[in-house]
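With the sequences and hints as input, model every part of the structure.
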Amino acid sequence: MIGEIGHMLPESIRAIMGRVPVAQLNVAEELRIRENRPMELSGAGQFGFIHPNGQVVDNPTLAYKPTREECMRLIELLTNHSLYALEEELRRGFITVRGGHRVGLAGRTVLEQGRVKQIRDVGGVNIRLAREVIGCAEPLWKRLADPLTGLLPHMLLLSSPQTGKTTVIRDLARLISSGSPRTRTPAKKVGIIDERSEIAACYRGVPLFDVGPRTDVLDGCPKAEGLMMMIRSLSPEVVVVDEIGGPEDAQALEEAVRAGVRIVATAHAGSIEEALARPALQRIFRTGVFEQLVWLERAHGTAVFRYFHREDQSSVGIQAHIGRYRVCN
Amino acid sequence: MTAGIWAGIHMASRYAKRPKQLRQIRNALQRLETEIVYGVSPLPEAFARLASHTAQPFASLFERMSASLQQAGNGSAADCWDYEWSCTWDYTVLQSAERDILLQFGRTLGVSDREDQMKHLHLAMRQLQSEEETAKEEQVKYERMWRSLGLLGAALIVILMY
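First to last, the protein sequences are chains A and B. Residue numbering for the first sequence follows the working numbering, beginning at 1 and increasing consecutively. Residue numbering for the second sequence follows the working numbering, beginning at 330 and increasing consecutively.
Calculated directly from the structure, the hints in this document are not laboratory data. The model shown is predicted, which means the values in this text are computed figures rather than measured ones. Cβ coordinates follow ideal geometry from the N, Cα and C atoms, glycine included.
FRET-style restraints, in silico, Cβ to Cβ:
#: 1; chain 1: B; residue 1: Ala426; chain 2: A; residue 2: Asn26; range: 51 to 57 Å
#: 2; chain 1: B; residue 1: Gln385; chain 2: A; residue 2: Leu62; range: 51 to 57 Å
#: 3; chain 1: A; residue 1: Arg37; chain 2: B; residue 2: Arg443; range: 29 to 35 Å
#: 4; chain 1: B; residue 1: Ser381; chain 2: A; residue 2: Pro222; range: 31 to 37 Å
One side only, chain A facing chain B, incomplete, derived with CB under 7 Å:
#: 5; residue: Glu76
#: 6; residue: Tyr84
#: 7; residue: Ala85
From chain B, some residues computed to sit far from chain A (all C-beta separations above 10 Å):
#: 8; residue: Pro348
#: 9; residue: Arg352
#: 10; residue: Glu392
#: 11; residue: Asp411
#: 12; residue: Cys416
#: 13; residue: Leu431
#: 14; residue: Tyr471
#: 15; residue: Ile486
In structure tokens form, the structure reads like this:
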């Protein structure tokens, strides 16, 4: 795992990471490097600090503390020596590096007319390791996809951060665009609007992750604009978008639904109740776009899905009502 | 006699080459500006493209620069720039004034936003232009002088020997 981002770490840090036990690296999800503060590795619900000898320890005082030079060097390597080429990313506070790994930045923000222009003096980075888990969305796809048409209802995948939403919809896109010869489910044209280059991890416009044979990707494109661009020019049957919730998303989604495509989207929420109460999402729920909400949880490393139908739809095994949605299993 | 003339021509050509090389670098920086400010290409790509549009010895300098930026463990862009120039100085006729300008410029390479990069590029180009003007004046003054000096010096030695 570290091998993939190894070339983006300064030599000293790379050497330490090379000594970290492989078992720990395999479950690692986040590597945090903060200037003059302990280096942290977390994953599988646990965290630890990295000792200069590579051991993951609980005591932060024993941990390796990267110097200012190392951090500056790290930023140079992460940006491919070209900070100027990442202005938009710096404004949003993260950059996506080759391989689809997202690097969040902490530091001092520079404002221009009251809005964040960029982050300067980066004091810490959080490298989120992207992972491809082929087959993780299979239960979801088997349940929701119509075996005859291969299409899904308009669905929104919700979960708390760091649960694997992006991993799941990446695999879902692959499944939809591959279909299944066994059940004779046809493959569908899929369009991914990958605003943060996380779903498909495009490098020069070509996806590095397996997103299926009939998938087109609009890399780095804003969702609201991308939705209509996609529909007009690439004629997808299913559109996949990540992390909706922006003010213009509701309108764009409503527009897209009526343009005859199925929507697969994700959003952050602490719980399904919180999702229904989130002002940004409420605007979207009010439009009634999504026929199906799916709550994603992780139990012992595997994805667990809970399904919520819209009230006007018939469903079996109703467990409870939440807002205008019913819990089913 | 031949050696004398050759020495004179060699010295003269140094004065003729300097404005030419300064102009080449300035053009290269201009192209780099286009790549950075308008093309927003990453530095390794920008240098690779620069290499194909510049004459030697700078073409191979930019090519090596592009390669070493893509290699892990080669230090910052400024380090690469310093190192690559240190390998190239002997093949150029540039003087310490230009060296200072270029190395100073290298420290800012790729580490700031586009606006800032543009300012540094403009500054370097302006400074190089003023060096170029001085170099041209020197060319007018000394090029012919060295050429005749070579011939006359050689003639003097020949006369003295007999």
